[in-house]
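Colleague: Listed below are the residues making up each chain.
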Amino acid sequence: MSSQVWIAATLLSAMALAASLRLSTPVAAQSRLGRALDIAAHPTWLLPLILAMGVAVGLMIRGDLSPWPPEAAEQLARRGGPWAGATGFIVVVIVDLWLLWTPSMVARRFAAEDAREAMRWLPALNLALGAVLLGAFYLAAH
Amino acid sequence: MMDQPFIDQVVEGVKIYSLGGAVLLFMVLAGETFLRWREGKAPWSKEGLNSAFTFFTIGPFIEQAFLNGLLVAGLFVFYDLTPLRVPVTLWTLPLYFLAGEFAFYWFHRLAHEIRLLWADHSIHHSAATYDFTVNLRFTPFQTFYRLPIWAPIVLLGFHPLILVLFALTAPAWQTFCHTTRIGRFSPWFEWLFVTPANHAVHHASNPLYIDKNYGGLLMIWDHLFRTYQRLEDHTPPVFGITHPLTTAHPIKVLTHEFVPLARDLWAAPTARQKFGVLFGRPGKTFELPRTRPVPAPAATEAGAVP
Chain A
1 MSSQVWIAAT LLSAMALAAS LRLSTPVAAQ SRLGRALDIA AHPTWLLPLI LAMGVAVGLM
61 IRGDLSPWPP EAAEQLARRG GPWAGATGFI VVVIVDLWLL WTPSMVARRF AAEDAREAMR
121 WLPALNLALG AVLLGAFYLA AH
Chain B
1 MMDQPFIDQV VEGVKIYSLG GAVLLFMVLA GETFLRWREG KAPWSKEGLN SAFTFFTIGP
61 FIEQAFLNGL LVAGLFVFYD LTPLRVPVTL WTLPLYFLAG EFAFYWFHRL AHEIRLLWAD
121 HSIHHSAATY DFTVNLRFTP FQTFYRLPIW APIVLLGFHP LILVLFALTA PAWQTFCHTT
181 RIGRFSPWFE WLFVTPANHA VHHASNPLYI DKNYGGLLMI WDHLFRTYQR LEDHTPPVFG
241 ITHPLTTAHP IKVLTHEFVP LARDLWAAPT ARQKFGVLFG RPGKTFELPR TRPVPAPAAT
301 EAGAVP
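Chains A and B are the protein sequences, given in the same order.
Numbered per the working numbering, the first sequence spans residues 1 to 142.
Numbered per the working numbering, the second sequence spans residues 1 to 306.
So here's chain B without its partners, still in its complex pose (with noise of 0.2 Å):
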């Protein structure tokens, strides 16, 4: 194939990159753990232990090394359907980062927009904290509907490894974005990149914040599709979800919506609402009251993004 060569270049440094993000990211875990230990807190809320020791371990390590490969093998097989081909180059690069860029924020929009991936990403969302031990709150089965929700771009001739490559990726942005400790940046920046304000909007729970910003480095697409919002000063951020978690469990959290999916699923009455607990929108599908009285949503430790 004439693209090997450069594909090959691109996947070791997208290889590269990724090894110096992980040296990046222990650094911003090190700074985090450092601060929360002089500010009187225990150094890992028993949240970010979780996080580190159950979901980081598990997920990234069966992801990297097994599911992602799935994935692409997978997206061959609608690459290998369609007669379009856009060609891997060094001027279609910022094509592919584009198209990577939308792949990615279909797949976070309808993870938060369809119930039963909700189910899943709802794991990430489930940290009452918002710091940088929320990168590693990891949901399992994420990269099971990446490649239906990404077939369909495959299917216009984007070469699958570039494409989950750059997917996968540029968002990795977000790593350094999941913190209240860096300020403001300048309101044309906010708007085309995801920023701490941006992304502490994402993981809001405020009526005015639920389901925005699911861009990954960009923000165009959210602006494009109507899902942009900016961190308003008179409304700061609640962290967490609308059900919030009252334990720290691993399994409790890797399970907390599944349970109420499957009940649901099971006590509704008409198939049309079985298929609607599935695949509508978390909040407005049949639901049986939850069995827990709701806590009020736990505020952030740190406080509002200043």
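The following block holds chain A by itself, in its conformation from the complex (with noise of 0.2 Å):
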């Protein structure tokens, strides 16, 4: 792929990264943050996630990507030049916060008033199970 590919690639993933910050804080999701930074942070830059959390977790279940950002960095750049990395960088960015943080902060906040206290432990629920799934895919990767 050409290098301004990956530059779009780059410039979306930093969106989708910003939508993913702001889900996985609950302040920045329920507030505006200013225009700019709406945008920025909007919801809709997480539409490719569709395609990219799948392929990104089938990699690293493969051994062919790593989950820690600098080592995917590494490797896209090999195949792909810097922006490769850069995009790769970021894509392992949102999936590890996706699998250990993200979905347990999207559950609480639309959680009704009465299933609030079941939700309390979920964020504990989701790191360890994030972490046993990326301590698995380093393994793979090495």
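It should be emphasised that the hints constitute simulated quantities derived from the structure, not laboratory data.
Possibly wrong hints are sitting among the right ones.
To be clear about the criterion: a stretch of chain A counts as covered by chain B if any three or more of its residues have a C-beta under 8 Å from a C-beta of chain B, and this derived list gives those stretches [claimed, not checked]:
(1) 43 to 54
(2) 108 to 121
Label pairs and their in silico Cβ distance ranges [what the hints assert, rightly or not]:
(3) 4/A to 11/B: 24 to 32 Å
(4) 7/B to 11/A: 38 to 46 Å
(5) 44/A to 225/B: 19 to 27 Å
(6) 7/B to 36/A: 37 to 45 Å
(7) 155/B to 142/A: 25 to 33 Å
(8) 7/B to 28/A: 42 to 50 Å
(9) 36/A to 232/B: 33 to 41 Å
(10) 51/A to 83/B: 28 to 36 Å
(11) 2/A to 144/B: 19 to 27 Å
(12) 44/A to 83/B: 35 to 43 Å
(13) 7/B to 8/A: 19 to 27 Å
(14) 2/A to 152/B: 54 to 62 Å
(15) 144/B to 124/A: 41 to 49 Å
(16) 50/A to 11/B: 13 to 21 Å
The C-beta atom is built at its ideal place from N, Cα and C for all residues, glycine as well.
Please assemble the complex out of the two chains, which come individually in their own frames, going by the hints.
Modeller: Following this line, the structure appears as structure tokens:
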């Protein structure tokens, strides 16, 4: 792929990272951040994750992509240049975030008042499950 | 064949994507189990257990290992009959994606609107709960009717393997929509994409919602063929089917619509009515009264989609 495509991919994944970080932070998810930040971190940018999450996790299971962002960046930079590396770094940060933390925050945000108590330990479960999976992926990559 | 190396790449990509998707499905199932436990419910509903250990073990393995191969082989018969070809390149993949969505839409719609096919597909819809375990409620015969429904698309020149991969993979997004735990999305997003709310409509048995929202990942074909229905705040979805199951016994779940279908087919007085029983619209064909009184549809455990 040409470097222009990788530059576009880097920008798109940076937006997806901003949106993921916003969803991962309850206060930020529910408040206005200012026009520019609201656009940059809009949930629309999560759309490419429908494809990217599955592919990235699939590659990690097969040991073809490290779950450690700097290593993933190196792997992709070797294949497609520095912008590919930057994309790889950001996508892996996003995947790590979604495996470790973000789903529990999304579930808590939308939980009905009477279901909040049940959600209290969900982040801990999310962290534990994510850590086990990422640990396994790390071993698969080495 | 000129396209072959690229086709191999696409197949490999879909394999990787499916592998990742399986891990994400495992995660949401673990979350669902945990939350049910924390909410004081059994970690797995009886329905969920049956789904996981009966339907999920039978269905996907047979389908992945054997039936999808037969489906692609069957579709190649039609591919060889047509002089038309839609090349498989990076630039035509969006077209294949749309064709896959179109194929899924019609497979799904006919599975609801033809009684013989509904007897199979209703297994997936028979759960009165609406959570991630519904994903595991597998229907055993769907591959067989995908063949005739997708053959006309292949006759337009679409490569069978790529069409099948897209038609099966993109709707996998629905995996993450079988939940009442996520709220409403932006109106434009709900207009364009399958969301938990859109798919809750699809799984509801309220008259307003019945036979709506067949899309896999996109809602565009529903808009085009006028089967789109948004989730209305004034009508919370009642999940399940219009003849609710009173048992979670796996054999009864598997056969719950086939038995009345066979009974009605036998009892229908004319050939036309027998034909109607098989290929007519559920609820609109010759039908003997159901032997058991029909209980009111069970409400969802988690209540309406917020």
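Colleague: Taking the hints in turn, state whether each one holds.
Modeller: Now the hints, each set against the structure:
1. 43 to 54: Per the Cβ count (6), the hint holds.
2. 108 to 121: With 10 residues in contact (Cβ-Cβ under 8 Å with chain B), the coverage given for the stretch 108 to 121 of chain A holds.
3. 4/A to 11/B: 24 to 32 Å: holds (27 Å)
4. 7/B to 11/A: 38 to 46 Å: violated (30 Å)
5. 44/A to 225/B: 19 to 27 Å: holds (26 Å)
6. 7/B to 36/A: 37 to 45 Å: Hint holds: Cβ distance 43 Å, inside 37 to 45 Å.
7. 155/B to 142/A: 25 to 33 Å: Given a distance of about 49 Å, which is not inside 25 to 33 Å, the answer is violated.
8. 7/B to 28/A: 42 to 50 Å: Since the Cβ atoms of residue 7/B and residue 28/A sit about 43 Å apart, the hinted range of 42 to 50 Å holds.
9. 36/A to 232/B: 33 to 41 Å: Taking Cβ atoms as reference, residue 36/A and residue 232/B lie about 35 Å apart, which means the hint holds.
10. 51/A to 83/B: 28 to 36 Å: holds (33 Å)
11. 2/A to 144/B: 19 to 27 Å: violated (44 Å)
12. 44/A to 83/B: 35 to 43 Å: holds (42 Å)
13. 7/B to 8/A: 19 to 27 Å: holds (25 Å)
14. 2/A to 152/B: 54 to 62 Å: violated (38 Å)
15. 144/B to 124/A: 41 to 49 Å: Cβ of residue 144/B to Cβ of residue 124/A: about 45 Å, so the range 41 to 49 Å holds.
16. 50/A to 11/B: 13 to 21 Å: holds (19 Å)
Violated hints, listed in ascending order, are 4, 7, 11 and 14; each of the other numbered hints is respected by the structure.
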